[in-house]
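*Asks:* Residue strings, one per chain:
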Amino acid sequence: MLIQAIWWGAIFLEALLLIRGLRAKLLSRFPVFYSYVLFVFCEDLLRFWIHRWRPDIYPQTYWITVFLGLMMGSVLVFEIYLIGLSAYPGTARMARNVLLFVFVVIFAKALVNASYGAVWWPAKTTLELERNLRIVQAFAVISLITLFLVYAIPFGRNLKGILFGYGFFIAVSVIQLTLVSYFGNKIQLLWSYAQPVSYLFVLGIWVRALWAYQPTPGTIPAAQLENDYKALIAATNRRFHEARASLGRVVRP
Amino acid sequence: MIGVSLFLAVAVLLFLLLFFVGRGAESTGELISRPDDQIRHGYQDTLYSPELARRIFSPEDRKFISSTGSPQLLRIYGEERRGVALHWVRQTSNEIRTVMREHALTARQSENLEVTGEAKLFFQYIELRSICGLLAIFVRLLSPHVLCDLAAYASKLSYQIGRAQQDLANAAQLATFRSPGAP
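Quick note, the sequences are listed as chains A and B, same order.
Letter by letter, the first sequence follows residues 1 to 253 in this note's numbering.
Letter by letter, the second sequence follows residues 1 to 183 in this note's numbering.
Since the hints were made in silico from the structure, they are not lab data.
It is possible that some hints are incorrect.
To give an idea of the interface, some chain A residues facing chain B are shown, with a C-beta separation under 10 Å as derived from the structure [claimed, not checked]: (1) Thr91; (2) Leu127; (3) Arg131; (4) Ile135; (5) Lys160; (6) Ser173; (7) Leu179; (8) His241; (9) Leu247.
All C-beta atoms, glycine included, are put in the ideal place defined by N, C-alpha and C.
Based on the provided sequences and hints, a complete structural model is requested.
*Replies:* Right under this line is the structure:
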């Protein structure tokens, strides 16, 4: 009964999110995000219908929709990168390099596993495969957030909400899939409630953040002298050397 | 079990970063609204006073207070100096953070951002902040003069080792000049 209520609650919030997106003209600003929400909305309705009328094909439908959602989620991370860094071409280049590095490392790990005679991706079950793919997403989001924080990229309420909600969803999924694949059915019951509730929380964050359009805060234009990137690097290096010298004086007897 | 811990650590790291995202927007906004000059020149006060740093951490004042022979005065001095030293460390750490923040705020708009240059600066930043953290721990747990004392001790030790090596070398040289049968 509770699960049914959570299910309907999620469908209601997804519908509300789509309606608000349409009203606030946010669909064209975040097309991938709203496509993702529309997909999840249709997926929920489809699963609900199959669960009720064709329970025999529910497991197959569940896993197919989960992996489709996972793929769309990866495109969503790319949209966050594109929109968040559109005004910062240099930082965007940096993000591309960092993301490329993350994927190369993960790909290299998969290659090493394959060379040792293991399977291409070491997952014994569908659950483990989903967890591994969520881990890849988690690394991509971690790299992106780190860059956003280091370069103090202003988000704006809308994008921050999308990033926060999806990041939270990935983190909860990683914990859930890790614990379930380790402990098995012992905690399955707990997670059958915890996961939908956390998803409701994510939808709540999205509804609140995307209720109306809010422009991204502007940035101060850099001074002419510091537009010269080499000069900026040299100036920061010099200031770090001064700090180092100042700290060095502490141990001078 | 190691795999499980690693996966959970990734999730915890993500939660931590999301917490900073949730909290960080206001501070970023504040920083952006601050006048450029205030950001640019705020850091100079502490870093440009070498005499202050040397004086706070050198044991000169402690020697002077010790010479009065008053344990109460020495205790008060210890507490006061620890507070001043911690303030200096915190201030220096904040200034290093401001330098990095200011760099990031300007660099993010550059089209020529270099990955290697930025990575080097970031590691320097982490190193300096770690030194400040360690320094604060030393000052809090031991005393502001402990590093100077340690450095002085190390210097004395190295001098003694140098002397010993020299003596050993001289002795070895003397031994080679003497004939095997000589008393």
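*Asks:* Run every hint past the structure and note whether it holds.
*Replies:* Status of each hint after checking the structure:
Taken as an interface hint, threonine 91/A checks out: its beta carbon lies about 5 Å from the nearest beta carbon of chain B, inside 10 Å. For leucine 127/A, the shortest C-beta to C-beta distance to chain B is roughly 12 Å, which exceeds 10 Å, and the interface hint is violated. The criterion of a C-beta within 10 Å of any C-beta in chain B is met by arginine 131/A, whose closest approach is roughly 7 Å, and the hint holds. The restraint placing isoleucine 135/A at the interface with chain B holds, with a minimum CB-CB distance near 6 Å, inside the 10 Å limit.
With its C-beta approaching chain B no nearer than about 6 Å, lysine 160/A sits inside the 10 Å limit, and its interface hint holds. Hint status for serine 173/A: holds, given a least beta-carbon distance of 9 Å to chain B, under 10 Å. The beta carbon of leucine 179/A is positioned within 10 Å of a beta carbon in chain B (closest approach about 8 Å), and the interface hint is therefore held. A distance limit of 10 Å between C-beta atoms decides the matter here; for histidine 241/A the minimum to chain B is near 9 Å, and the interface restraint holds.
Because the beta carbon of leucine 247/A sits about 6 Å from the nearest beta carbon in chain B, less than 10 Å, this interface hint is met.
Hint 2 from the list above is the single one not met by this structure.
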